[in-house]
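Go ahead and model the full structure; you've got the sequences and the hints to work with.
Chains as they are written, first to last, in the numbering used here: chain A, 3 to 278; chain B, -17 to 410; chain C, 37 to 328.
Heads up, a few of these hints could be off.
Which residues of chain B face chain C? A partial, calculated answer using Cβ under 8 Å [to be verified]:
no.	residue
1	T56
2	N171
3	V172
4	G183
5	A233
6	P234
7	A241
8	G273
9	R372
Covered stretches of chain C, going by a simulated chain B footprint (3 or more residues, C-beta under 8 Å) [stated by the list, open to error]:
no.	stretch
10	173 to 182
11	186 to 195
12	264 to 275
13	280 to 293
Keep in mind the hints are simulated off the structure, nothing from the lab.
C-beta atoms are modelled at their ideal positions from N, C-alpha and C, and glycine is treated no differently.
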Amino acid sequence: MSSGKYRLPGFDTVLNSFAMWLLAFLWALPLLYAIWTAFHPAAYETNFVWNAPLTLDNFKSAWSAAPFARYFFNTVLLVTMILICQFILCTLAAFAFARFRFPGRGILFALVLLQLLVMPDILIVENYKTIRSLGLVDTIVAIGLPYIASGFGIFLLRQTFMSIPKELDEAARVEGASFLGLLWKVYIPLAKPTYLAYGLVSVSHHWNNFLWPLIITNSVETRPVTVGLSVFAAIDAGIEWSVINAATLMTSGPLLIAFLLFQRQFVQSFMRAGIR
Amino acid sequence: MKRFGRFRTSVASIALLWGMTSAAMAVDLEFYFPVAVGGKAADTIKELTDEYAAANPGVNIDAVYAGSYGDTVTKALTASRGGKPPQLSVILSVDMFTLIDEEVIMPFDDLVETDEDKAWLQSFYPAFMENSQTGGKTYGIPFQRSTPVLYWNKEAFAEAGLDPDTPPSTWEETIEMGKKLVKKDGDGNVTRWGVRIPSSGFPYWLFQGLTTQNDVILANSDGNQTNFADPKVAEALQYLVDLSTKHEVMAPGIIEWGATPKAFFEGQTAMMWTSTGNLTNVRNNAPFDFGVGLLPGNVRRGAPTGGGNFYIFSDSSDEQKKAAFDFVKWISQPAQSAKWTIATGYVAPRPDTWETAEMKAYTDDFAPALVARDQLEFAVAELSTYQNQRVTAVFNDALAAAITGSKSVEDALAEAQKQADAILKEYR
Amino acid sequence: MMHRREWIYGWLFLSPALLFLFTFTHYPAVKTIVSSFFSTPRGKRPAKFIGIENYQALIQDEVFWKVLTNNFWFAVGTIPISVGLALLMALWVNSKLKGTTLSRIAFFAPTVLPLIAVANIWLFFYTPGFGLIDQFRSGLFGLPAINLLGNPDTVLAAMIVVAIWKEAGFFMIFYLAALQSIPPVLKEAADVEGASNFYYLRKILFPLLMPTTLFVSINAVINSFRLVDHIFVMTEGGPDNASSLLLYYIYETAFKYWQTGYAATLTVVMLILLSVLAIGQFFLFDRKVHYQ
Chain A
3 MSSGKYRLPG FDTVLNSFAM WLLAFLWALP LLYAIWTAFH PAAYETNFVW
53 NAPLTLDNFK SAWSAAPFAR YFFNTVLLVT MILICQFILC TLAAFAFARF
103 RFPGRGILFA LVLLQLLVMP DILIVENYKT IRSLGLVDTI VAIGLPYIAS
153 GFGIFLLRQT FMSIPKELDE AARVEGASFL GLLWKVYIPL AKPTYLAYGL
203 VSVSHHWNNF LWPLIITNSV ETRPVTVGLS VFAAIDAGIE WSVINAATLM
253 TSGPLLIAFL LFQRQFVQSF MRAGIR
Chain B
-17 MKRFGRFRTS VASIALLWGM TSAAMAVDLE FYFPVAVGGK AADTIKELTD
33 EYAAANPGVN IDAVYAGSYG DTVTKALTAS RGGKPPQLSV ILSVDMFTLI
83 DEEVIMPFDD LVETDEDKAW LQSFYPAFME NSQTGGKTYG IPFQRSTPVL
133 YWNKEAFAEA GLDPDTPPST WEETIEMGKK LVKKDGDGNV TRWGVRIPSS
183 GFPYWLFQGL TTQNDVILAN SDGNQTNFAD PKVAEALQYL VDLSTKHEVM
233 APGIIEWGAT PKAFFEGQTA MMWTSTGNLT NVRNNAPFDF GVGLLPGNVR
283 RGAPTGGGNF YIFSDSSDEQ KKAAFDFVKW ISQPAQSAKW TIATGYVAPR
333 PDTWETAEMK AYTDDFAPAL VARDQLEFAV AELSTYQNQR VTAVFNDALA
383 AAITGSKSVE DALAEAQKQA DAILKEYR
Chain C
37 MMHRREWIYG WLFLSPALLF LFTFTHYPAV KTIVSSFFST PRGKRPAKFI
87 GIENYQALIQ DEVFWKVLTN NFWFAVGTIP ISVGLALLMA LWVNSKLKGT
137 TLSRIAFFAP TVLPLIAVAN IWLFFYTPGF GLIDQFRSGL FGLPAINLLG
187 NPDTVLAAMI VVAIWKEAGF FMIFYLAALQ SIPPVLKEAA DVEGASNFYY
237 LRKILFPLLM PTTLFVSINA VINSFRLVDH IFVMTEGGPD NASSLLLYYI
287 YETAFKYWQT GYAATLTVVM LILLSVLAIG QFFLFDRKVH YQ
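If you want it as structure tokens, here you go:
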């Protein structure tokens, strides 16, 4: 990628470096603070001295104070379920929009795009009523349902599918592949970067989503990490930053590390997916 | 309503019950509870329900940890609307009118049979019952209840030349002592404030301490009339505002509830008002000697109560209602109640609990726990009305507006009263 | 013949996605509009048609106007700054400066941390007296404590900072992908022609990044209505609703006050606003976007 780099214009390199470091430091501060408090006794929450004693007690007390293992499991289950359903539904729909000609296509596509704007996040009141009438309140499925048909996902995959040369499908059709076979053998493999990029957006969104799960869940068995953390933090006895931050690190740690390790690939997948 | 004998007491009646409810062998109770304190609250609930179930083989209790108070009431209402309510739940005492309005709970009076039951209903501190009764009926039984108290830093008092064992007992003394306790650094910036009365989130609760001390009640017991515009309320609010602006013994602006204990530990304030729910926290974390006392008084002493009550849901079978009633009776007995108080720090809701050997041993070891009990004598019901969340939100907004100086005390309160009237009109 | 099969397949492939889209987006959107003309059902009293009563209440609701104004300033504060910073971050991280890897990690980390949890950390930063900002201010400059969250004049700005922090790194990824796909020959050609760096940025790079800017800023607009998690932890909308936003108010109205009819009315306002903004934005940018 080095060939793609260019020198920054106008400003002095030193000045730029310094500004970048400063901004990066500011951006990292909350995370650094979380790490600091999580590994030190509560007395050092507000007191930053280099020789503060290290401890793992905060992790222990967070772990024993709330069922974080269960919350974590719920979130993983939720995110995986949403992602798989989104992939299936969006792939089928995107393929239909990209390759079939049928009456109502234009209007339906416009209706799909409408969801980019009118997200389920703001329709909480009516969606809650719908879920209630389905008898699904307080289930993990209910947290995911409003999101599994994603307008953004359909739009993105349609763009990618449209860019695949038609000659490829004709070749496959000659070999007698069905539409599903065609999709599976030609389209999906070629759209891998799009799936990766979309997966990143979807996972980070649903991992961090709070408002809808807060409304629709109310027991340990269904609560995702975000709601679990908020319930855990909202107690009468004041905020215990060290324990809350330990819990935060514990529950976001795996995702954080995964994203840090693969961030370069993510950027490249965004690039190839044409999301830019 | 049909009444059955106390089936639990004998094998014969259980057998009888068998005959009547052929589908189920035992009575199943679903019980929602919130956890609003750290530590062992959830574990203790489970222990107590297990203990009850062991002694009562005819009853199965499914104790469901429902999250915060807000989650619990939401969950209970949602389940009720869906036709599957719990039989029993601990919910904020102030939600009583909401639950009545939603027609989901029933009075305990309908389940009372014996004289013993009647005596039991009378066995709680009246201060706690104020939030549990309306229209002459009892809808809630106090369980995890609290009240705000004054915590003070004895070292700071000694440093300021005050008697470390005597906290302020009046509004005036709060100001006088506060002025001595304020400490400034070389730049003239305050490094320690005199007192801290948190005002974020639910400022009405601690403010109710001030109104009670000024001998004024914020809402009637029917829950359909508020008294926000009373001059005495204005006087109390003016005092709160003046603590920051005129007397400069308290930090200006809205003071965060959650950061208050930490500010106390850090020596940022010499006194704080906060819930008895913080006793254990302060005991474990304050790096100095501290005292716990009654809130200072003005016209009188006073404080609100807070916390959660037991409610019985009406949409259950008669057997379930009886079993739920029996369970609530059992768990509020002195032995169980003492266990609960010691594990959580909540205020034991009846006098005889404090007489048990366990409680005596506990309070001998940790005398500040008695302060809450002593304050109950002066305590009143927490602000509670129909449409409670909306009415308190209106009031909270008014308090915040006055504290931050964006409205005058009188204007803020008059507007709040007007809005509360509009909301409560349909309940009169 | 082929045509007929395409019809069937088209509809077949679409139907699962459409079913869910209609159930959870279009149906509730229409239902919201209908509900906004009904009262709130309570206990065994059902909802009844009340015409425009909810809308009359809306016009007289001071909190609504306050929240709407807040949301306006929140959008004005977050959108340009977070998009601008995202571009700056991407330019930096994509340059030959030292420390780009660490910086990229730092910029991106907020995307993965749940806002609801990090809000507690920001609460500490903003705490007067012993909070990080005040420790810094008094330690270095001897300045007095400042109560950023407890003052209606500063609270919204403090919340805007949190939102920018949360969003900029996410938008950076999109710019980074766009920058990396710009052929280096463009820069070389500009250099050969003796164009200044500023000229290159303004006349070549920015126009090429326009589609990304459109995409990112639509996202930023939507987020400025959707991002409310931090309010739950930091202020609960206070003091006196100075930091409340429209979606948070909808949440309170529907799930704390149980005024679902009125909450629907508020949601209708949100729907209208979002539509107007998105359409406006599309037309505004459409003329300037040069698709590659």
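For each hint, the structure was consulted:
The criterion of a C-beta within 8 Å of any C-beta in chain C is met by T56(B), whose closest approach is roughly 7 Å, and the hint holds. Here the hint on N171(B) is kept, as its CB sits about 4 Å from the closest CB of chain C, short of 8 Å. Contact between V172(B) and chain C, as hinted, is supported at the beta carbon level, the nearest pair being about 7 Å apart and thus within 8 Å. A distance limit of 8 Å between C-beta atoms decides the matter here; for G183(B) the minimum to chain C is near 5 Å, and the interface restraint holds.
Checking A233(B) against chain C by beta carbon gives a least distance of about 6 Å; that is within 8 Å, so the hint holds. With 8 Å as the threshold, the beta carbon of P234(B) comes within range of chain C, its nearest partner Cβ sitting at about 6 Å, so the hint holds. A cut of 8 Å between beta carbons decides the hint on A241(B): the least distance to chain C is about 5 Å, and the hint holds. Below 8 Å, beta-carbon pairs count as interface contacts, and G273(B) has none with chain C, the closest being about 22 Å; its hint is therefore violated.
At about 5 Å, the closest approach between the beta carbon of R372(B) and any beta carbon in chain C falls short of 8 Å, and the interface hint on this residue holds. With 5 residues having a beta carbon nearer than 8 Å to a beta carbon of chain B, the stretch 173 to 182 of chain C meets the requirement of three or more and the stated coverage holds. Counting residues of the stretch 186 to 195 of chain C whose beta carbon lies closer than 8 Å to any beta carbon of chain B gives 3, which reaches the threshold of three, so the coverage claim holds. For the stretch 264 to 275 of chain C, the stated coverage by chain B is satisfied: 4 residues place a CB nearer than 8 Å to a CB of that chain, which reaches the threshold of 3.
With 4 residues having a beta carbon nearer than 8 Å to a beta carbon of chain B, the stretch 280 to 293 of chain C meets the requirement of three or more and the stated coverage holds.
Hint check: a violation occurs at hint 8 only; the rest are consistent with the structure.
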